[in-house]
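A.B. asks: One-letter residues, chain by chain:
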Amino acid sequence: MWRNVAVIGCGQTKHGRRRDVSLAEMVEDAAWKAMEDAQLTPNEIDAIVVGNMQGFGGVAHPDCWVGDWIGAPGKPVMRVATGGTTGGSVGQAAIYAVASGMYDKVLAVAWEKHSDSKEPGATTGLLHVALGNLAHALNYGLSLKHLIVTQAVGAAAGVALYQARFYMHRSGCRIEHLDMVAAKSRRNAAKNKYAHLRWPGCTPEDIAKTEMIAYPFRFGHICPASDGASAIVVAAEDIAKRREKPVAWVKGLAAYSDEENQLMSESYGGVGVLDASEQMGCRVSAMKAYKMAGIEDPKREIDVAEIYQPFPSQELIFAERLGLFEEGKAWIALEEGEMEIDGRMPTDPSGGVLSTNAIGSSALQRILEAALQVMGKAEEHQVPKEVRNAVAHGWGGVTNYITVTVLGDSPR
Amino acid sequence: MRRVAIVGYAQTQHQFDMDKTREDMVFEVVKEALLDAGISREEVDTVITSSSDFLDGRTISSVFLSMAAGAYLKDESKAEEDGTSAVWYAFMKILAGTHDVALVEAHTQASTFNPHLVSFYTLDPLFDRQVGLLNDIAAAAIQARMYMSAYGVSEEEIARVAVKNLLNAAKNPNAHRKIPDVTVEEVLSSKLYYHPIRELMMSPLSDGACALVLASEEKARKITDNPVWIEGVGCCQDFYLRDRDLLKLGSLEKAARDAYEMAGVRDPLTELDLFEVSEKFAHEELMIYEALGLCRRGKGKILLEKGLTEKDGEIPVNPSGGALGADPVCATGLVRIVEAAKQIRGEADGYQVSGVRKALAHGQFGICAQKNWVFILGGER
Chain A
76 MWRNVAVIGC GQTKHGRRRD VSLAEMVEDA AWKAMEDAQL TPNEIDAIVV GNMQGFGGVA
136 HPDCWVGDWI GAPGKPVMRV ATGGTTGGSV GQAAIYAVAS GMYDKVLAVA WEKHSDSKEP
196 GATTGLLHVA LGNLAHALNY GLSLKHLIVT QAVGAAAGVA LYQARFYMHR SGCRIEHLDM
256 VAAKSRRNAA KNKYAHLRWP GCTPEDIAKT EMIAYPFRFG HICPASDGAS AIVVAAEDIA
316 KRREKPVAWV KGLAAYSDEE NQLMSESYGG VGVLDASEQM GCRVSAMKAY KMAGIEDPKR
376 EIDVAEIYQP FPSQELIFAE RLGLFEEGKA WIALEEGEME IDGRMPTDPS GGVLSTNAIG
436 SSALQRILEA ALQVMGKAEE HQVPKEVRNA VAHGWGGVTN YITVTVLGDS PR
Chain B
3 MRRVAIVGYA QTQHQFDMDK TREDMVFEVV KEALLDAGIS REEVDTVITS SSDFLDGRTI
63 SSVFLSMAAG AYLKDESKAE EDGTSAVWYA FMKILAGTHD VALVEAHTQA STFNPHLVSF
123 YTLDPLFDRQ VGLLNDIAAA AIQARMYMSA YGVSEEEIAR VAVKNLLNAA KNPNAHRKIP
183 DVTVEEVLSS KLYYHPIREL MMSPLSDGAC ALVLASEEKA RKITDNPVWI EGVGCCQDFY
243 LRDRDLLKLG SLEKAARDAY EMAGVRDPLT ELDLFEVSEK FAHEELMIYE ALGLCRRGKG
303 KILLEKGLTE KDGEIPVNPS GGALGADPVC ATGLVRIVEA AKQIRGEADG YQVSGVRKAL
363 AHGQFGICAQ KNWVFILGGE R
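Sequences listed follow chains A and B, in order.
Residues 76 to 487 (this note's numbering) make up the first sequence, in order.
Residues 3 to 383 (this note's numbering) make up the second sequence, in order.
Derived from the structure by calculation, the hints contain no laboratory data.
It cannot be assumed that every hint is accurate.
[Stated by the list, open to error] From the derived model, a few chain A residues whose C-beta atoms are all more than 10 Å from chain B:
no. : residue
1   : SER246
2   : GLU251
3   : MET287
4   : TYR290
5   : LYS363
6   : GLU401
7   : GLY403
8   : ASP417
9   : GLY418
10  : GLU455
11  : GLN457
12  : ARG463
[Claimed, not checked] Cβ-Cβ distance ranges computed for the label pairs, FRET-style:
no. : chain 1 : residue 1 : chain 2 : residue 2 : range
13  : A       : ARG92     : B       : GLY348    : 56 to 66 Å
14  : B       : GLY348    : A       : ARG245    : 52 to 62 Å
15  : B       : MET148    : A       : VAL96     : 29 to 39 Å
16  : B       : MET3      : A       : ARG317    : 22 to 32 Å
17  : A       : GLU401    : B       : GLN15     : 47 to 57 Å
18  : B       : HIS118    : A       : ASP95     : 26 to 36 Å
19  : B       : GLU44     : A       : PRO117    : 39 to 49 Å
20  : A       : PRO117    : B       : HIS118    : 52 to 62 Å
21  : B       : PHE18     : A       : GLU100    : 36 to 46 Å
22  : B       : PRO182    : A       : ASP95     : 16 to 26 Å
23  : B       : HIS118    : A       : GLU111    : 50 to 60 Å
[Unchecked claim] If you want the footprint, here are the derived chain A segments under chain B, 3+ residues with CB under 8 Å:
no. : stretch
24  : 141 to 150
25  : 171 to 183
26  : 294 to 308
27  : 469 to 479
Ideal Cβ positions, reconstructed from N, Cα and C, are used throughout, including at glycine.
For reference, chain A alone in the conformation it holds in the complex:
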């Protein structure tokens, strides 16, 4: 039965366009930093979980090659990949591996190296998701209409854009609020030495000056395509308790997927989800993870949230879906400064995915950053209050994948 698990080591690389290292060197950097932080040698690690999105770096099953750099030979290695949530899924697999009693110390590593693909910005990788729709459409007989819709999906940004419109229509949130979220993210990232897009003192007005890409997203609202890797070491209770350094305990976790959300889904295979901002998978995951963590009122009991928000609208949508704010009211809390690093409910003090997006690694980075906040090791972007519970979120797929992990300063 459940055995308590704690994050005992964290490591990440500097994010950005990393032409100075190869994929293997980059992954090695994060993995060794995490092991060093956990005060463990590679020989002391019992099992490894890895993940990234294969198409982006252009290497199939890269763990076969990269394994040698992170001490994998001779060890059980699981490869997990679920799109945007990959990192969250990697972290959760490592947690289950320890909780099950099978392994005592597990290393979780996730990464992405976008600049290795031919078209920087991972356009190829993301378009493949959209092109998947084409195959799907073929099931029902392809028509020109289908083809046009497929082209119009516009990959992740396209989906997020429709999602944002749904949310704005429902809640009264305006484009100025998206500017505010983006500016906050850039400012927070400026305090995080590993982040990609860092802009000290960035204001919503600065963001508002950037070019409109497709309403309601401006250039300043879009996440970068980063190269980077992150890693954590999770360990069983008895090992974690012997540590002198602070650890972050895993209190609850869940990964409930939603129905596939497809554009104009009503006429495309009878998929039920029409409102892309509904995110029932996130509601259910949060509910289950909080229940496991013994959290009854997340608004009161959660102290900081690391939300997967490649686009600013998503920080607001998911903050609500994670139960941190009233339905449709996150943008009001934002106006009142509650989501700032020193606010009542700081969201993404690290700058989040909006400022650093090495896709496969992004959701693991949320767990890592939440752990740093619990341990009090987030340095310049540490929230200036006591952190007892932190929630880490991951989002991906065709808006249908979610991971929610709750960490805290005491065991379950």
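We have chain A already, so just place chain B on it with the hints.
C.D. replies: Relative to chain A, chain B alone:
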């Protein structure tokens, strides 16, 4: 530790260029596995699928399968590479006590994107891929040649492995490559790829899927009278191609050792009644015998010569025909688990081995079986 059992399973009729979409194939196999277990989708707590972006020919291969696999509004994840990895994950989730019933699904439609071409993209992109000389078949040929010269194994002896498995496959309704009258001569005159690897010594390119339902002991007893227990699990990754000793399957040795230890197996030769292994190339099966501890290194051919690993031998290996009979890449290891469970439950119509109580199932992934998973399964009593 909690006990975990297999309570239901299903697999497709593996074939090339299946007349079904990926979604339909997955939906049907999952539905059949749930029917086999006699449970509804509502009773499933977590769903783990297994597939690969490159092999499925698209990014986030699982993304449009949440509904087909019945995973919507359920806890789910995807373990890539071999389906046995997904079983390993589901097994751990049940052990953790957070879930009671898990559904595992694995598939590949090899007709979508040739897996041998994909193997080229698993190579070190900075050197080996640029040199352009290697792929999984070429590497297997190097390994086979090394093995042959180190231990005096002939091409005929390797061809005999293929004959054994293809004859077995001919009796398995789900197998893909069926040649009921195959001979050593036929194998040795089939198309040559890289010497000594010939077409009939390689696993075929199959489209197929496989699904498994796992349950905790408490649930398993309610679901079925005939549970198959997972008694041991082991898995291990080897060094990358360049730094490996290709003369042995080192990571399989380690994985088998761990699985034996967990299951309390001291002597696999006498304690295990049946073996279902993933031999992607005929010579690998001989090396697998050795890695599993059935004989000393280099002596695999003797087990075959004496007919010990035939369907009616003392230690039957691959009565289903193994991977040489059908290789729907990510599903292949999962099919081994299903075939072993089938034998334990006495449901292998037409190729049932009598008196199977404990069996071993093996899955592999990567060039020259770089990664290996071993499961020890046991019946009731």
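A.B. asks: Indicate, hint by hint, whether the structure satisfies it.
C.D. replies: Against the structure, the hints come out as follows:
1. SER246: Nearest chain B Cβ is 23 Å from SER246/A, so the label holds.
2. GLU251: GLU251/A clear of chain B: closest Cβ-Cβ about 33 Å, beyond 10 Å.
3. MET287: At about 27 Å from chain B, MET287/A clears the 10 Å cut-off, so the statement holds.
4. TYR290: holds, 26 Å
5. LYS363: Answer for LYS363/A: violated, closest chain B Cβ roughly 8 Å.
6. GLU401: holds, 23 Å
7. GLY403: With a cut-off of 10 Å, GLY403/A remains clear of chain B, as the shortest Cβ separation is near 22 Å.
8. ASP417: holds, 35 Å
9. GLY418: Holds, because the least Cβ-Cβ distance between GLY418/A and chain B comes to about 32 Å, which exceeds 10 Å.
10. GLU455: holds, 34 Å
11. GLN457: Label holds. Min Cβ-Cβ 31 Å, cutoff 10 Å.
12. ARG463: Label holds. Min Cβ-Cβ 22 Å, cutoff 10 Å.
13. ARG92/A with GLY348/B: 56 to 66 Å: 60 Å Cβ-Cβ, so the 56 to 66 Å window holds.
14. GLY348/B with ARG245/A: 52 to 62 Å: holds, 57 Å
15. MET148/B with VAL96/A: 29 to 39 Å: At 34 Å between Cβs, range holds.
16. MET3/B with ARG317/A: 22 to 32 Å: Given a distance of about 23 Å, which is inside 22 to 32 Å, the answer is holds.
17. GLU401/A with GLN15/B: 47 to 57 Å: With a Cβ separation near 54 Å, GLU401/A and GLN15/B satisfy 47 to 57 Å, so the hint holds.
18. HIS118/B with ASP95/A: 26 to 36 Å: Given a distance of about 34 Å, which is inside 26 to 36 Å, the answer is holds.
19. GLU44/B with PRO117/A: 39 to 49 Å: holds, 43 Å
20. PRO117/A with HIS118/B: 52 to 62 Å: The hint (52 to 62 Å, Cβ to Cβ) is violated, given that PRO117/A and HIS118/B are roughly 32 Å apart.
21. PHE18/B with GLU100/A: 36 to 46 Å: holds, 40 Å
22. PRO182/B with ASP95/A: 16 to 26 Å: violated, 60 Å
23. HIS118/B with GLU111/A: 50 to 60 Å: About 40 Å separates the Cβ atoms of HIS118/B and GLU111/A, which means 50 to 60 Å is violated.
24. 141 to 150: Three-residue rule met by the stretch 141 to 150 of chain A, so holds; n is 6.
25. 171 to 183: holds (count 6)
26. 294 to 308: violated (count 0)
27. 469 to 479: holds (count 5)
Going down the numbered hints, you'll see the structure goes against 5, 20, 22, 23, 26, while the others check out.
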